[in-house]
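Novice: Those sequence lines, one after another, are chains A and B. Going by our numbering, the first residue of the first sequence is number 4, and it counts up by one from there. Going by our numbering, the first residue of the second sequence is number 53, and it counts up by one from there.
Derived by calculation from the structure, the hints in this document are not laboratory data. We treat Cβ as the ideally placed atom computed from N, Cα and C, and that holds for glycine. There could be a bad hint or two in this list.
Claimed, not checked - Here are the simulated BS3-like cross-link-like pairs (lysine-lysine), alpha carbons at most 25 Å apart as the crow flies:
| # | chain 1 | residue 1 | chain 2 | residue 2 |
| --- | --- | --- | --- | --- |
| 1 | A | K29 | B | K109 |
| 2 | B | K130 | B | K109 |
| 3 | A | K104 | B | K130 |
As the list claims (entries may be wrong) - Derived contacts from chain B toward chain A, CB cut-off under 10 Å, selection only:
| # | residue |
| --- | --- |
| 4 | A54 |
| 5 | G55 |
| 6 | V64 |
| 7 | G68 |
| 8 | Y87 |
| 9 | P95 |
| 10 | F97 |
| 11 | Y100 |
| 12 | C144 |
| 13 | F157 |
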Amino acid sequence: SQQGEEDPQALSIQEGENATMNCSYKTSINNLQWYRQNSGRGLVHLILIRSNEREKHSGRLRVTLDTSKKSSSLLITASRAADTASYFCATLSNYGGATNKLIFGTGTLLAVQP
Amino acid sequence: GAGVSQSPRYKVAKRGQDVALRCDPISGHVSLFWYQQALGQGPEFLTYFQNEAQLDKSGLPSDRFFAERPEGSVSTLKIQRTQQEDSAVYLCASSLEAGGTGELFFGEGSRLTVL
Numbered sequence: 004s005q006q007g008e009e010d011p012q013a014l015s016i017q018e019g020e021n022a023t024m025n026c027s028y029k030t031s032i033n034n035l036q037w038y039r040q041n042s043g044r045g046l047v048h049l050i051l052i053r054s055n056e057r058e059k060h061s062g063r064l065r066v067t068l069d070t071s072k073k074s075s076s077l078l079i080t081a082s083r084a085a086d087t088a089s090y091f092c093a094t095l096s097n098y099g100g101a102t103n104k105l106i107f108g109t110g111t112l113l114a115v116q117p
Numbered sequence: 053g054a055g056v057s058q059s060p061r062y063k064v065a066k067r068g069q070d071v072a073l074r075c076d077p078i079s080g081h082v083s084l085f086w087y088q089q090a091l092g093q094g095p096e097f098l099t100y101f102q103n104e105a106q107l108d109k110s111g112l113p114s115d116r117f118f119a120e121r122p123e124g125s126v127s128t129l130k131i132q133r134t135q136q137e138d139s140a141v142y143l144c145a146s147s148l149e150a151g152g153t154g155e156l157f158f159g160e161g162s163r164l165t166v167l
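Bound-form chain A, shown alone (with noise of 0.2 Å):
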């Protein structure tokens, strides 16, 4: 089963705008993560951002994370075309085992038109 649940399912924009996606999950989390994937490829790591923390900026991208709501965005400022590709959040959470397992959300697939 999947925890988190990512806003829009689709979104397509022009280049250069901002794109924001959003994530909701369920349980209390060590850590949340953001992947991007191009079709047929495999998951590239964005960033990650702690429980304790409240906003990380990388680059272009720019996450919060309000852990009272369980939800978490991640923005693209000046989108560029390369920016197509499905992003996924990913949620760290101890479920009483030896792994913390890193639990993904449903994706939202981006279009940057060039």
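Once you've looked at the hints, dock chain B against the given chain A.
Specialist: Quick look at chain B alone, frame taken from chain A:
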């Protein structure tokens, strides 16, 4: 190698055949994960290794699925008597830290199609 390597990239199997999917993690990475990704969905956790020990196999969908990492590096995911519902992309990921607390590095995946 520089990244996580998976083989084969594509596998077509007839229903009932056994398949073996290989993962070469980044050298020195302690943690190794297998995920299953259906079309249009996010990856779903299958199993976790810390070095050679399989610490969590709670995500394996049935006893037809078996994974091993005998020397703590290369891992193999084996699916016996494949069924059509096994068709998916199987992703392997490795991480430097134990317990899977850090960033995961993913391979390109093995796309399995069961006819």
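Novice: State for each hint whether it applies.
Specialist: Structure-based check of each hint:
1. K29(A) to K109(B): holds, 22 Å
2. K130(B) to K109(B): holds, 13 Å
3. K104(A) to K130(B): Distance of about 21 Å is within 25 Å: holds.
4. A54: At about 13 Å, which exceeds the 10 Å cut-off, the nearest Cβ of chain A leaves the hint on A54(B) violated.
5. G55: Holds - the Cβ of G55(B) comes within 10 Å of chain A, reaching about 9 Å at its closest.
6. V64: violated, 16 Å
7. G68: violated, 27 Å
8. Y87: holds, 8 Å
9. P95: Status holds, d = 5 Å.
10. F97: Cβ of F97(B) sits 5 Å from chain A, so the hint holds.
11. Y100: With a minimum Cβ separation of about 4 Å from chain A (threshold 10 Å), the hint on Y100(B) holds.
12. C144: holds, 9 Å
13. F157: holds, 7 Å
Checked against the numbered hints given earlier, the structure breaks hints 4, 6, 7 and satisfies all the rest.
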